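Student: Make a model of the complete structure from these sequences and hints.
Protein chains: 2
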Amino acid sequence: MVFSRMRLNSCFTVARPTGPACTSDGPTGFSYHEALHLPVAATGPALTTSPSKISSMPQSPTGRPTLEDVARLADVSLGSASRALSDSSLVKPKTLKRVMQAVEQLGYVRNGAARALASRRTFSVGAVYPTLHNPAFADSIHALQQTLWGFGYQLVVASHEYVEEREYEVVRSIVERGVDGLILVGVEHDHQVFDLVRQRKLPLVLTWTLEQPPYGHTVGFSNRQAAYDLTRAVLAKGHKDIAVICGSREHNERARQRVSGTSEAMAERGLTLREEWIIEQPLSVEGGKLAMQRILAMGQRPTAVMCNTDTLAIGALHECRVHGIAVPDQMSITGYDDIVLASLTVPPLATVHIPTAQIGTFSARRLVGLIENRDLGEPPALNHEVVIRESLGPAPSTLQPEMKRGKLSGSARTVADS
Amino acid sequence: MVFSRMRLNSCFTVARPTGPACTSDGPTGFSYHEALHLPVAATGPALTTSPSKISSMPQSPTGRPTLEDVARLADVSLGSASRALSDSSLVKPKTLKRVMQAVEQLGYVRNGAARALASRRTFSVGAVYPTLHNPAFADSIHALQQTLWGFGYQLVVASHEYVEEREYEVVRSIVERGVDGLILVGVEHDHQVFDLVRQRKLPLVLTWTLEQPPYGHTVGFSNRQAAYDLTRAVLAKGHKDIAVICGSREHNERARQRVSGTSEAMAERGLTLREEWIIEQPLSVEGGKLAMQRILAMGQRPTAVMCNTDTLAIGALHECRVHGIAVPDQMSITGYDDIVLASLTVPPLATVHIPTAQIGTFSARRLVGLIENRDLGEPPALNHEVVIRESLGPAPSTLQPEMKRGKLSGSARTVADS
DNA sequence: GTGAAAGCGCTAACAA
DNA sequence: TTGTTAGCGCTTTCAC
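Line by line, the protein sequences are chains A and B.
Position 189 of the first sequence, counted from 1, bears residue number 189 in UniProt numbering, the numbering being contiguous throughout.
Position 25 of the second sequence, counted from 1, bears residue number 25 in UniProt numbering, the numbering being contiguous throughout.
Treat the hints as calculated values from the structure; they're not laboratory data.
Note that the coordinates shown come from a computational prediction; the quantities given were computed from them, not determined experimentally.
Incorrect hints may have been included.
Each pair may be met inside one copy or between any two copies, as identical chains are not told apart.
[Said to hold, decoys possible] Heads up, simulated SDA-like pairs for lysine to any residue below, C-alpha to C-alpha not over 25 angstroms straight-line:
#, residue 1, residue 2
1, K237, R121
2, K201, L117
3, K201, A114
4, K97, E176
5, K237, R166
6, K201, H160
7, K201, A71
8, K201, T62
9, K97, Q199
10, K240, S86
Tutor: Here it is as structure tokens:
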């Protein structure tokens, strides 16, 4: 077993709930290593070797010990007990010690609801994502959660599965349950969402975008620019007939911006992104397959298909293999996001690297900064990066016989899949 | 815009917070479609077209309207207002209507902390996963969250990143913050975790396992059996020299069971799983690469490598390609989990299909059943399924020249990637 | 079916 | 530094 049950130390750091490894940004108090290893009074005396004076303390009607029980056992006032646990520097070491001892003996665990009600702080933040079922978002959530934990915040997550009407319900539900701040994806949200959040003055961070929102702050990158840059790379390979597979563009400015980034780059070359070559599908592997099926059924086919996410691209790639279409010889495919698997497909997927983890990390920092009204530093510019891999090849018409296989202008590179 | 601001209906269902699409399991009350579309009073009168009598209602010190404000405006008692929102069947339709009107006018949003404190229910559950950075877990969390939402519960997630000592901190922190139930992965947890949860009588569901825990219930499948079955399939291909790539087995009974399932199946054939061919690595693509590097550097190589997760397998597969090792001709590779991408690798990955989404769904149902003390039906037996795909081929020694490429005894099949 | 009132367990102001 | 006390906003008896 990892913990010494005898160890006497605090779960508590300054005005901050249990658990968090307060990073260097945190106020003074117990260090990470000192803190957090509070054992719990076992169910029966027989089960514990703790110094048993668990005694006949009168406890609250719920059965669980309350701070009042702790104070009584420690023979200090309620206030002192509260202070000891919230900010140990507010009480004498001796008081602290007695309180901690009582906490340990009783197996006391704070009541977050009471804390929240009295202090109007929940130390949790909400994050509503389009879906958790997307590696890029999962990565970001992962980083978000880890960073928040470091600051002492819990993460409440939910998703609306791209059903726009659900977002408000979801956000409302989360706000109702109580969070100190909120993270959403994109700038485009029902006005009710903004109204609700603004009315409550809830700190808000919008991710995955740089657009100016009617309320809140953003942490992200330019979807349009990323798509533009990637498209330039595609155009450089001589492609003129380009199709796009994207998610629904309605209510999703990210999808729209990616498409417009592409059409802008094409326009600069005097090319037009044909509307019938913009195919909307659910952002899944299956969606990619279906879209590619439609493309392959077309009379005139594009020579390059740019997918709005790697997941779509993987589906598209797979469909090509099924139909015996050689990628990139007969058709080039690009993705977007650069998920870990993008570099492992066959052929490896050309894509745009999106700083998913950074978005999570910096949105957490930004949000905590807003909540605690302290400066955690401006989030740096988050950059995308075009990653050329073998799924993007020269357009068939320009193909020289001798460079039929695997000849690339840029070398295939691997990013962030370590 | 999707919502009619004028719409007058409830956000509230019986004793259950806003939002959830109460499924058929829910008690009576507003239907999903009736519910939840409560607009919020906009910041300034100019911003809203609401029937403005927003008036000079004295509001609580926080600035936000409270139930008391609602009651006053509706001209009913606090109690009635509370009842109207918690269980509309407890008040007269007329009362309800007036309350709802007041709610709408004020843009009232319930205070979850106060609710939780008074009712001792938070309508949220905690889930602590090893990591969110694993498609199998992400799938499961996704299903979990969706199902919980249907029941009116919020999901608080956190991960311990396979650092066993962190789990207790994480669990404690979540419990402190307040949840009505808890979901963990596996049966093996520090006794402090069990002590804490047991002491608070917190409903507990352990997933991804069938082992009997000291406290709580399980929803899962047999890791040992799944590994056993897959190994039988490998053995049937004539492999005798089998290596295993797994995560750390310490504190992880799932990893141990998978390994022992393999060694048992081998033992039945009089084969031994060599300890030096059991390679522990972090459960990532990178871990799979590193492990395969080690294997390829060995004097005598195994003919089949069984990976404990698809992610590891994908890394291993990739490493083989990098080193020019043909899969499955020179080496067979299997995974575990059957993530969406398993069927899309080249060659497609033989693996065991794990009912990840079902685990999420049923653990949610089980937990809610425990919390609300109602019978939501016993979770059905969750079954794994061996999925033979091309990465598993005959052992090189038994290889007939004419079946060198792609000859399989079972046809490659695709599961659950639609 | 409704109103009045007593907490839920804690924090934070204020005195001492 | 410590103790006292008044709520935080809601649910839930308990009478009526």
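Student: Now, for every hint given, state plainly whether the structure supports it.
Tutor: Here is how each hint holds up against the structure:
{"no.": "1", "hint": "K237 to R121", "verdict": "neither (55 angstroms within a copy, 60 angstroms between copies)"}
{"no.": "2", "hint": "K201 to L117", "verdict": "both (17 angstroms within a copy, 23 angstroms between copies)"}
{"no.": "3", "hint": "K201 to A114", "verdict": "both (22 angstroms within a copy, 19 angstroms between copies)"}
{"no.": "4", "hint": "K97 to E176", "verdict": "between (37 angstroms within a copy, 21 angstroms between copies)"}
{"no.": "5", "hint": "K237 to R166", "verdict": "neither (42 angstroms within a copy, 50 angstroms between copies)"}
{"no.": "6", "hint": "K201 to H160", "verdict": "within (23 angstroms within a copy, 32 angstroms between copies)"}
{"no.": "7", "hint": "K201 to A71", "verdict": "between (35 angstroms within a copy, 24 angstroms between copies)"}
{"no.": "8", "hint": "K201 to T62", "verdict": "between (34 angstroms within a copy, 11 angstroms between copies)"}
{"no.": "9", "hint": "K97 to Q199", "verdict": "between (43 angstroms within a copy, 24 angstroms between copies)"}
{"no.": "10", "hint": "K240 to S86", "verdict": "neither (64 angstroms within a copy, 61 angstroms between copies)"}
Hints 1, 5, 10 from the earlier list are contradicted by this structure; the remaining hints agree with it.
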